[in-house]
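Just so you know, the protein sequences line up as chains Z and D, in that order. All residue numbers for the first sequence refer to my numbering, where the first residue is 1 and numbers rise by one. All residue numbers for the second sequence refer to my numbering, where the first residue is 1 and numbers rise by one.
No lab work stands behind these hints, which were simulated from the structure alone. Do not take every clue at face value.
Short derived list, chain Z residues pointing at chain D, Cβ under 10 angstroms [claimed, not checked]: (1) L32; (2) E58; (3) T133; (4) A150; (5) Q181; (6) S227; (7) L228; (8) G241.
Backbone N, C-alpha and C fix where the C-beta goes; we use that ideal spot for every residue, glycine too.
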Amino acid sequence: MKLHRRIDRRRFIAGAAGGTSALLLGGCHRVLDSAESLTRRVQEAVAPRSAVSREYTEADLSPHFKSNGTHDPANPEYQALARDGFKDWRLALGGLVDRPMQLSLAEIRAMPSVTQITRQDCVEGWSCIGKWTGVPLGALLAPLGVQPKARYVMFYCFDTVEGASEPYYESIDIAEAAHPQTILAYAMNDRTLPIPYGAPLRLRLGNQLGYKMAKYLRGIELVESFSLIRGGSGGFYEDNGYEWYAGI
Amino acid sequence: MIYRHSLPVRVAHWVNVLCLVILFTSGLGIFNAWPALYRGIRTNFDQPLLAMYATPGADGQPQGVTEVFGHRFDTTGWLGLSSAKNGAPVVRGFPRWTTLPRSLDLAHSRRWHFFFAWVFVINGAAYALYALIGGHLWRNLLPSRQQLGGIAQTVWNHLRLRFPTGDAARHYNVLQKFSYLVVVFGLGPLIVATGLAMSPWIDAAYPLLLDVFGGRQSARTIHFVAAFAFLAFLLVHVAMVVLSGLWNNLRAMITGWYRLE
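Excised from the complex, chain D in its bound form (with noise of 0.2 angstroms):
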């Protein structure tokens, strides 16, 4: 057994466990309030990057579209049109077991989410501290020469789903510490940005934010992908995980301590 992972570390990833989870859903609740991205300064209403929403089908009954890019999608039962709590169906952007709360409450959505973002903000900024100054960045997250000059053995070894084992296991691997340094040194300042340029406060003192994401609706739809990113990265991360000997890793992030092989 070896000590993997200390404390600030083990508690800043489960605090960011559970805003990820509300900031997400409460996050969906946000966009059904009005679920369509633009691009630019303002909204252009007839030139969504993103829509969804319902019209009638051919048989007369209504059906739920998804429009990306100009292209359009049934998603019915899941996007634009989706069931309600009484099982009839409701116009709904996401359906309602992806939000928080259930209901089409944009008021609440963005309690949940605005409290949740404070949570985020201050255990990352706790994190990237601890990262920077206690020298986790240092001795945990940056690749070494040698992981470096490995990483295309490394990549055909997850493909193969071949982990590493004994020695090599006591630290991260080199796709590891990228993906790490990607979320919480990219896409978390990301998100934190975008979600800032949709502040009429902010932008008046920031302008330069409306600059940098070429307006306030891309600001959102960017805050929208980075979103899913996150998503993204949490689904291969759960996967790795539990490819990787789940209850091993569970442990080690819940006590620190994680048996060599």
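This is chain Z alone, in the form it adopts within the complex (with noise of 0.2 angstroms):
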């Protein structure tokens, strides 16, 4: 008995050292986390929101460009489609939207298209430079109607993560989307955009990491707040700890 009275408060002492501690990183890495607002309202004070990110020559291209992230989902209704070369697949784009739309391969590529020379930044910190070539994504939303009180657009796609649960998912403000370099890409060097770096449509951001630049998309969809979505940091990484504001 007196044995068991030692171990139980030898437990609580243990149980409550490690609650306070728990206490204290938790209250910890709410102030850590703080520098993220900041820093994102300090570069939107020095650098404007529409800077244009620099566009370099063919002779910079990466001969390797990694592919990271999902190489080839293995989800089952993605495989199918790509078998036959994604004449099936459609974009669903819709949420605070007046004319809700699906569209085709064929109808995006026949949008009037752009092609940038860029350069992808992994968070983890290498980089590379691709020629890519799509729609623009504010061009792509003008016909659809967004309404006032839209302030988020987010991207679902067809990859898991692994050790995921759920499909990779990403969002950016509407501002991010009516810049000039956030585009809808479906080729990359000239090619058909393929299977490891998206396919057949991924997007492209100018200023931000690449874990922004969801791959596999299969929906659009514009929204408000994104804070009961999923995890509700605004997509997969962000869930997972890393910032939503991407661009350092």
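Reconstruct the complex from the two isolated chains, following the hints.
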């Protein structure tokens, strides 16, 4: 009995210490996380949202562009679409818009396109330069009639990162959606977008890190807030501790 | 006793100590996410300047390798391959006792790094303003003509571990002044600028940063080298503090009061 009590007390002290340090760490993380909004605000103040990132030349293209995240989605629905060359693939556009739409790859390819040679910086530290052809997101969204209260654009994907329980997703704000280097790319280095790089359609951004640039797109939704979507942080990596603002 | 360090200098000093420790260790944690360095505008994966990785050794056991300018070194246990929490060998650049957090956790290393980068920048800017406007720079940091004339003698004295005493110890000596000037107005701004050059957003608005450092991957390499220059400064600085009177120096940096011998 006596022994029991001692063990209990010891356990209690250990538990209390653990709880306190978890609380401290929790508070600590909230403090640390506050740097994200400071960084975003200051970067917005000193660097306009409309700033266009440097465009490179053919000579600068990476001989080997690293494919990151998922290289070939295991999703059977995706596999079936890929077998047919994405003939039956449709991009669903909806949410806070007046005219929701479904677009085929052929319809997207028929729209006025842009080609940009830009650098992609991975959060891990490496950079690759690729040539991307696609449709500016702003042009794609215009015919939908985006409602004034829409603040974010959500991107839903076919792929599920190894070990994750739900498919990849991402979000950007309305200002980023209107940026001239925010494009939905269907070609890379003058070839149809290969599967490791996000076929048939992927997001490309000029001023953000690679994890924001969702691959294997299946749907786009305009929302007022993403706090009730999945983990509530606006993206797969964001739900796992990474910053929503990926400008650095 | 003389009053040697003003309050702003003492506060800036200790805030900086905290920042440097956290920035360095969380920086190594970030580096570990891709433990290699390159030159230029993009990553040439097969031409790293520095790379840490693991490879099967002659005995079939994994071996930690550090490659510097194409030369390979076995760094098992230190770089490329070291022990995980449970003691098992794990592939990682720098070992767990050097990184913040200790596990391979890029997301949290970044959170620590960017928060303390702000503290470092604000603290550094306040100190620089104090130095420039408050007169600290002219009063204490810029070497006098007399000091510049005696530079050879000062070097010789330092090599023999003979440090200034009496009146000569009222001020920083000429070597101290040079190293503080280089760190405060050279290394500090350099590490901040190379850090910003890694931001795609800042690059878009200030492409000059890319040109100055020769591209984002070069900027990342310079950032890494600058971090180790800070470490080298810190090691020499602490060694000098210990050799020239640990308690007297520590008291002076805490209370401001320094005892002349």
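These are the hints, each one checked on the structure:
1. Contact between Z/L32 and chain D, as hinted, is supported at the beta carbon level, the nearest pair being about 4 angstroms apart and thus within 10 angstroms.
2. Here the hint on Z/E58 is broken, as its CB sits about 13 angstroms from the closest CB of chain D, past 10 angstroms.
3. With a cut of 10 angstroms, the hint placing Z/T133 at the interface with chain D is violated, because the nearest CB-to-CB distance is about 19 angstroms.
4. The restraint placing Z/A150 at the interface with chain D is violated, with a minimum CB-CB distance near 23 angstroms, outside the 10 angstroms limit.
5. For Z/Q181, the suggested interface contact is upheld, since its CB lies about 8 angstroms from the closest CB of chain D, less than 10 angstroms.
6. For the restraint placing Z/S227 at the interface with chain D, the shortest Cβ-Cβ distance is roughly 19 angstroms, beyond the 10 angstroms limit, so the hint is violated.
7. Annotation: Z/L228 was flagged as interfacial toward chain D, and the flag is violated, the nearest CB pair being 22 angstroms apart, outside 10 angstroms.
8. The criterion of a C-beta within 10 angstroms of any C-beta in chain D is met by Z/G241, whose closest approach is roughly 3 angstroms, and the hint holds.
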